[in-house]
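S.K.: Letter by letter, the chains look like this.
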Amino acid sequence: MVKFVFPISLWIISVTVAVAENDATQWLQRMATAIKTLNYKGTFVYIHGRQVEAMTIVHKVDELGEREKLMSLNGAAREIIRDQNKLICILSDNKSVIIEKSRARKIIPDALLMISAKLRKHYRFVVIGNGRMTGRKAKIIAVEPRDKYRYGYRLWLDKRSAMLLKSDVINDKGQVVEQLMFTNLTIVKNIDDSALKPEVAHKDFKVFKQLKKARVQNAPKAWRVSRLPVGYKMKMYTTHDMRTSKMPVDHFVYTDGLSIVSVYIEKPSPDKSKQKGENRFLIGATSMGAINAYGREVAGYQITVVGEVPKASVMLIGRSVEYIGSRK
Amino acid sequence: MSNDKLTEQLSAYFDGELTRLEKSLLLKQIESDSELKIKLGRYQLIEDIIKNQAPGSIDLNFHDRVSKQLISEPAYSSGASLKGVQKWIKPVVGVAIAASVAIVAIVSVQNLQYSDTSDDGNNRITQIENVDEGTRWAVKRQEVESRLNSLLFNHYETTSNNSIRGMLPFAPFVVYDKRFKDDEKLKRNVSHEQFDQQQINQNLQQEPR
Chain A
-10 MVKFVFPISL WIISVTVAVA ENDATQWLQR MATAIKTLNY KGTFVYIHGR
40 QVEAMTIVHK VDELGEREKL MSLNGAAREI IRDQNKLICI LSDNKSVIIE
90 KSRARKIIPD ALLMISAKLR KHYRFVVIGN GRMTGRKAKI IAVEPRDKYR
140 YGYRLWLDKR SAMLLKSDVI NDKGQVVEQL MFTNLTIVKN IDDSALKPEV
190 AHKDFKVFKQ LKKARVQNAP KAWRVSRLPV GYKMKMYTTH DMRTSKMPVD
240 HFVYTDGLSI VSVYIEKPSP DKSKQKGENR FLIGATSMGA INAYGREVAG
290 YQITVVGEVP KASVMLIGRS VEYIGSRK
Chain B
297 MSNDKLTEQL SAYFDGELTR LEKSLLLKQI ESDSELKIKL GRYQLIEDII
347 KNQAPGSIDL NFHDRVSKQL ISEPAYSSGA SLKGVQKWIK PVVGVAIAAS
397 VAIVAIVSVQ NLQYSDTSDD GNNRITQIEN VDEGTRWAVK RQEVESRLNS
447 LLFNHYETTS NNSIRGMLPF APFVVYDKRF KDDEKLKRNV SHEQFDQQQI
497 NQNLQQEPR
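Protein sequence lines correspond, in order, to chains A and B. Using the working numbering, the letters of the first sequence map in sequence onto residues -10 to 317. Using the working numbering, the letters of the second sequence map in sequence onto residues 297 to 505.
Simulated from the structure, these hints should not be mistaken for lab results. Accuracy of the hints is not assured; some may be wrong.
What the hints assert, rightly or not - Across the chosen pairs, the derived CB separations fall in these ranges:
| id | chain 1 | residue 1 | chain 2 | residue 2 | range |
| --- | --- | --- | --- | --- | --- |
| 1 | A | Lys84 | B | Glu318 | 50 to 56 Å |
| 2 | A | Asn74 | B | Ala308 | 52 to 58 Å |
| 3 | B | Ala308 | A | Ala43 | 24 to 30 Å |
| 4 | B | Glu318 | A | Glu52 | 51 to 57 Å |
| 5 | A | Ile313 | B | Arg437 | 55 to 61 Å |
| 6 | A | Gly120 | B | Ala308 | 21 to 27 Å |
| 7 | B | Ala308 | A | Val196 | 50 to 56 Å |
| 8 | B | Thr315 | A | Arg121 | 50 to 56 Å |
| 9 | B | Arg437 | A | Asp51 | 54 to 60 Å |
| 10 | B | Leu317 | A | Gly120 | 41 to 47 Å |
| 11 | A | Arg121 | B | Leu317 | 19 to 25 Å |
| 12 | A | Asn179 | B | Leu321 | 38 to 44 Å |
| 13 | B | Ala308 | A | Asn179 | 29 to 35 Å |
No residue lacks a Cβ here, since even glycine has one placed at the ideal position from N, Cα and C.
Take the sequences, apply the hints, and build the full model.
M.R.: So this is what it looks like as structure tokens:
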């Protein structure tokens, strides 16, 4: 009889863990749906690297799809307005409006809507408990990575709507590297279109438009990334015309389903300062809040790896980029 | 309640020194003033961050010192719309600003030591701003930073649909950091949009409106 106690208790523990995981993943699925489908307005505090800022967000969904507006509350007014087709940035301090066409965002599916067994190999999803946030009862969920190549998240979700109220991004040392917290949030049935109109007067601003749309293509065979953190796969390849580069920039996207890393490859144009030994591009690693970047030169091309992932990930990926010839 | 009295009460409240009765009396006073409530809510939130959730190490004494120093400073001017409640708000604005200054300091200058004596609140704030370098990418050249920001923006634009936080990844691009404009010493860290503009002018032909 005693022999069975141990396996049975193990079984009970594993069942309990599985139930807890299911509960957490259900909450995350609800959250992912809520963020995209609810109509809401709110103010949030954003602690990023060494900055603390307040901004507002308006989010509306109707027959025109998802539309949203983000606006700074302090300093010079800045707005980002996004709909299905375009992204508009209004920067009052620069007196400029930048209009970009929407990119092929749908290519990467929403991982949280269907948390797969694959994703569970790399993260644990746990309900930590209950709390209070933004004056609402909250469910606290943790997303815990199983290795150092992805961040953890602690999320406070509104118990009623599952809307995100606060998020912490946590590194492998358990330190919070980025925080975001709503100070007020109103979920409403309808949002008037006027709430999504630019508030910043921009009549005399210069308007800059993206010249061409990003082109999603088959990845060229000239480049190979030989080492990726376990579970990361290439999900997308595009070329972009970018403001900072005369030549189109190759863009490879790698993801484990939740953490996403971009690898950009560009051919630098000749530059005088380069001869003085100064780099116009990132060489080595750097970071900004939760975001890490790593750059190096390979075969006369600049490789830049960037993403909201730990330094270990961008380093591993960046160091393993190889040029294997132009066999397009 | 006089300004001083209110300030004192608020300070005691946030320090957790008020009894239940005192607390409810104070809250009743505040209850009738919606503007003040919002301000207090924000302060409470920041207080929560400082006490429980702030990234990295936390110097609560420092926050406390700054709060108190700033409260004793001349009040900040309030906007015209606040006229009616100006008397009430002034000290609270002071508290709120103190808290936000404190949190910037806590987040950014974790190991900074302040002496308890001699310098006044103003010096302290200046000190924080001067020390708070490298707000953005820790790179030396503006051009490198600008490129990085451009790539990061592109990264989020391409992938934010999958982000855990919806559109919120764009937050860094809406942030406006006043210090970059005000402080000549920090000009090399000029915020990315300001520099992006130079890039745009150089690299992109302006389209007719």
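S.K.: Let me make sure I understand: some of the numbered hints might not hold for this structure. Which ones are they, in numerical order?
M.R.: 5, 8, 9, 10, 13
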